[in-house]
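Participant: Protein sequence lines, in the order shown, are assigned to chains G and D. Per my numbering, the first sequence starts with residue -4, numbered consecutively. Per my numbering, the second sequence starts with residue 31, numbered consecutively.
The hints are simulated quantities; they were obtained by calculation from the structure and are not laboratory data. Small disclaimer: the values here were computed from a predicted structure and weren't measured. Be careful, since some hints might not be right.
[Said to hold, decoys possible] In silico BS3-like links for lysine-lysine, alpha-carbon gap of 25 Å or less:
no.: 1; chain 1: D; residue 1: Lys84; chain 2: G; residue 2: Lys607
no.: 2; chain 1: D; residue 1: Lys84; chain 2: D; residue 2: Lys51
no.: 3; chain 1: G; residue 1: Lys319; chain 2: G; residue 2: Lys244
no.: 4; chain 1: G; residue 1: Lys312; chain 2: G; residue 2: Lys244
no.: 5; chain 1: D; residue 1: Lys115; chain 2: D; residue 2: Lys51
no.: 6; chain 1: D; residue 1: Lys115; chain 2: D; residue 2: Lys138
no.: 7; chain 1: G; residue 1: Lys190; chain 2: G; residue 2: Lys114
no.: 8; chain 1: D; residue 1: Lys37; chain 2: D; residue 2: Lys51
no.: 9; chain 1: G; residue 1: Lys638; chain 2: G; residue 2: Lys607
no.: 10; chain 1: G; residue 1: Lys638; chain 2: D; residue 2: Lys37
no.: 11; chain 1: G; residue 1: Lys608; chain 2: D; residue 2: Lys84
no.: 12; chain 1: D; residue 1: Lys84; chain 2: G; residue 2: Lys638
[Stated by the list, open to error] Coverage of chain G stretches by chain D, computed from C-beta distances (three or more under 8 Å per stretch; other residues unrestricted):
no.: 13; region: 591 to 604
no.: 14; region: 633 to 643
For each residue, glycine too, the CB sits at the ideal point set by N, CA and C.
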Amino acid sequence: MERELTGAITRSFGRPGPVDAMLRPPCEVACPIHTNAQRYIQLVAEGHDARALAVVRVTNPLPQVIGRICPHPCEEACRRGDVDEPIAICNIKRVASDGARAAGLGFEPPKIEFTTGKKVAIIGSGPSGLGAAHDLALMGVRATIFEKQPEPGGFLRTGILNYRLPKDILDEDIEYIRKMGVEIYTNADVGRAVKFNDIMAEFDAVLIAAGLSESRPLPIPGADLPQVLLAVPFLEAVNAGREVPGLGKEIIVIGGGNVAIDVARSARRVTGGKVTMVCLEADHEMPAHAWEIEDARAEGIEIVCSQGPNAIMGEGKVEGLQVKKCESVFDEHGRFSPTFCETELSVVPGDTVIVSIGQMSNLSFLPEEGPAVNERGILIFDREQCTTTRRGVFASGEVVTGPGAAVNALASGKKAAIAVARYLGVDVNFRPEPAAIGEVPADVADKVKKAPRRRMPARDAGERLKDFGEVETGLDEVDGRCEASRCLLCGSGARYSQLKCIACLTCVRVCPYGAPWADGEGLGGIDPDKCQACGICFTQCPAKAIDLTVMSEEDIAARTVAAIADSGNGELEFGCWYSQSRVAPEAAAVSLPCTGRLSVRLLLHAFESGAKKVYVAVCSEDDDGHFVHGHRQTRAAVADAQKALGEAGLDPASIELRIEPELKCRKAT
Amino acid sequence: MITAERKNFDEIRRMTDGAQKLLVVGCNTCVAVCLTGGEKEAEILASQLRLARKQDGIGGSVETVTVLRQCENEYLDSISEQVQKADLVLSTACSIGPQGLVFRYPTKAVVPAMNTNMMGYVKEHHVWTEYCVACGFCIIAFTGGICPIARCAKTLLNGPCGGSQGGRCEISPDVPCAWQEIYDRLAALGQLDMLKRILGPKKWNASNSGGPRTMKMEGFKP
Ligand code: SF4
Ligand code: SF4
Ligand code: SF4
Ligand code: SF4
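All chains, please: the whole structure from these sequences, using the hints.
Facilitator: Spelled out as structure tokens, the structure:
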């Protein structure tokens, strides 16, 4: 095998050690559907929104929806939080879909061949049902969804208001799934329009994903007054743009969860009047997300905490809510078991009460022969197999898991899809649950350059109350990319091959973060918790025993070749994606997480690949760029490569180091 | 560890320009540890050669391959296919490497890319100092563990010359006087009386002045 004069770098690197192969970033582990957030964040940082959206779609059938309403448990787990603030992972997902949408890319689903010949019926078109249908389609199983409402989406449509999730966005995500060949029958109320047993006869399996479609009533005196409404029908009516009978001007919302917040915020918009929330929990115990509570308060909603509803006052017409002081909500085991001071009573005035204390399922459509429900009216369910008591009938989503976030329902639906597919004899790949790498050690966190989290811009509270238009407007391109650039690329830095390592200690000596280690016997490794993926060790290892997981040598070399082929004038810029500006706008660009990862070999390779002129960007005069000693390494590599070029008879000035003119990454926030 | 530095590029060009199929062979032990001739450097050199040859209209190919140690037959055997295809082999090892290649591949032309300079101690990253000249008969037990043969510019055996100034050797203020170091060391050990004994003429018959040395071990042989 003769290598051409261009000497392409194609050699693949040593496999990562067993530890590296198993450990994933904690954002991915914490995500209920294990989205490869790191990858899409990286693509957004590089400005490839459509490719980022494609990465989101690998695990997430409702990318636009989840990119707006997800409570983002990933962000709680994000290791950037060990340094300053977590990455705005959810907002970046929205940047990807908004960007792709604007470019008209990423909304054409793959062509599905339903090769298995199997058919599955799904009851309910909420996130769980949609997620299951989507994944079944990818496995070659045709799904048909039965939805009792006139339009699909379940609680996403009926329960979440336009100001958080615009309907056209929901429609787009559902349309994508439809185009994959998933059939959705609306106004198809199982039990009435179509019998459960008829579905059983027609399909190879049935998945119940009916959600929690009814509000839990509040059995207190006065609850039968006409101005006492329930959350679910109220939200349904508001969402459908219907007039709500009985709605006054002074609204009391009972409940402290996310749904109660939505009820309060919509009531505020519909009536323009006063809205007061009353909940059992103290401020810090409220089950609603902190940011939702903040938004509600910003919109002028009053929240009365630590009060339990005692009676609804009024004769034939609501005049207020009598409340009693709630002394504690949970018992010593953390179980819900409120205690009250029955004598400390007060009255919250109001002319309408909306009860939002939880939802329950409606399983009246199930026939006598099962699947069976337990004494509390809940479907009997095997959590692992997703099965019910009737063969061929599966369940997923809130109907069995209880209330939670849409992404959890989605996860449950995806899990059920695998269970159903297995039951139907379809070959399914097993993916083990990932494990997360550890925290960023304090000494390393100290060295990481701090960067403020980009805030989601939102319409002004006074402005947004006037309509149901979306409150959050999305990060703009620069902020989106800057925010994405804050990602630490956890666990995807230096990859080390023990087979190739000659225990020279270079990496141990040059790493600014102390990640590589060696013992006296020549054994060593690179600690993934410490590694920041700066790439310095990779450029220095004399035995080429180190490569980087993200943007490997092979990857950079391939991008170099492609960029030069594109360039027309043979000019190439190696830039830093953290700065997002260009030092040579007329040149083709390869952007890297810091030019400090450019080795002499990669610079020479550019010339071997046909480059006439190579610009290398650094973002300041300092030694350190985004990474400690990043620029020192960039300068050293450029100087060495210039010398090497000169020796080879080429003009050393054909490599030029330039300082970024405009640092978008440092843009004030 | 053996250290070696790469030759001047022009010299390498003169040795290799005539070859159509040039093979650069890296060595991943001493010269890799001293950062001059391992896999990475062999690839950089090959890349430079390709660029230079292209510039000058010399065709042909420049390949690279790296073995763990060029001073061992088995490792050299492992690259026989590449060596056979080449019409010239350029070694980035210390000079043992190219000579090993010559021994192993008697019909192949082999040239060195390196000047082998010394056996060094790694003072700090990127800095090596000569501590031993392989004289064949070690005397540092008498000199506080510091070798005057390697580290004194005049290889003096019994105390400093008159040029020792402020602890520095007269050849350069950058070079410490080995005998000052020996004195300080023995003082620290409380063994200054060692200096009272005169070291007789050094046995040089074990050094390399009597032709190539060979080391043989007794014991099990396959
Ligand atoms: S820093 Fe990036 S990869 Fe690491 S947990 Fe946060 S989002 Fe994930
Ligand atoms: S620099 Fe490379 S060869 Fe040296 S110890 Fe590190 S991994 Fe091993
Ligand atoms: S030098 Fe950079 S890439 Fe290498 S181990 Fe240290 S932090 Fe990771
Ligand atoms: S100054 Fe010291 S090291 Fe230098 S030649 Fe004289 S004795 Fe030797």
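Participant: Does Lys638(G) pair with Lys607(G) here, judged by a C-alpha cut-off of 25 Å?
Facilitator: 16 Å, holds
Participant: Take a quick look at whether Lys115(D) and Lys51(D) sit within 25 Å of each other, Cα to Cα.
Facilitator: Roughly 7 Å separates the two Cα atoms, so the pair holds.
Participant: Take a quick look at whether Lys84(D) and Lys638(G) sit within 25 Å of each other, Cα to Cα.
Facilitator: Distance ~18 Å between Lys84(D) and Lys638(G) Cα, so the pair holds.
Participant: Regarding the pair Lys37(D) and Lys51(D), is the alpha-carbon distance no greater than 25 Å?
Facilitator: 20 Å, holds
Participant: Would you check the hint for Lys115(D) and Lys138(D), treating anything up to 25 Å between C-alpha atoms as holding?
Facilitator: 10 Å, holds
Participant: Does Lys114(G) sit within 25 Å of Lys190(G), going by the straight-line distance between their CA atoms?
Facilitator: 17 Å, holds
Participant: If you draw a straight line from the CA of Lys608(G) to the CA of Lys84(D), is it 25 Å or shorter?
Facilitator: 17 Å, holds
Participant: Tell me if chain D covers the region 591 to 604 of chain G under the three-residue, 8 Å CB rule, please?
Facilitator: Since three or more residues must qualify, the claim that chain D covers the region 591 to 604 of chain G holds, with 7 doing so at under 8 Å.
Participant: Sort out whether Lys607(G) lies within 25 Å of Lys84(D), counting only the CA atoms.
Facilitator: 14 Å, holds
Participant: Are Lys84(D) and Lys51(D) close enough, with their CA atoms no more than 25 Å apart?
Facilitator: Status holds; Cα separation ~14 Å.
Participant: Next pair to validate is Lys312(G) with Lys244(G); report whether the Cα-Cα distance is within 25 Å.
Facilitator: Holds: Lys312(G) and Lys244(G) sit about 13 Å apart, inside 25 Å.
Participant: Is the coverage entry for the region 633 to 643 of chain G by chain D consistent with the three-residue Cβ rule at 8 Å?
Facilitator: Result for this restraint: holds, n = 4.
In this structure, none of the earlier numbered hints is contradicted; all agree with it.
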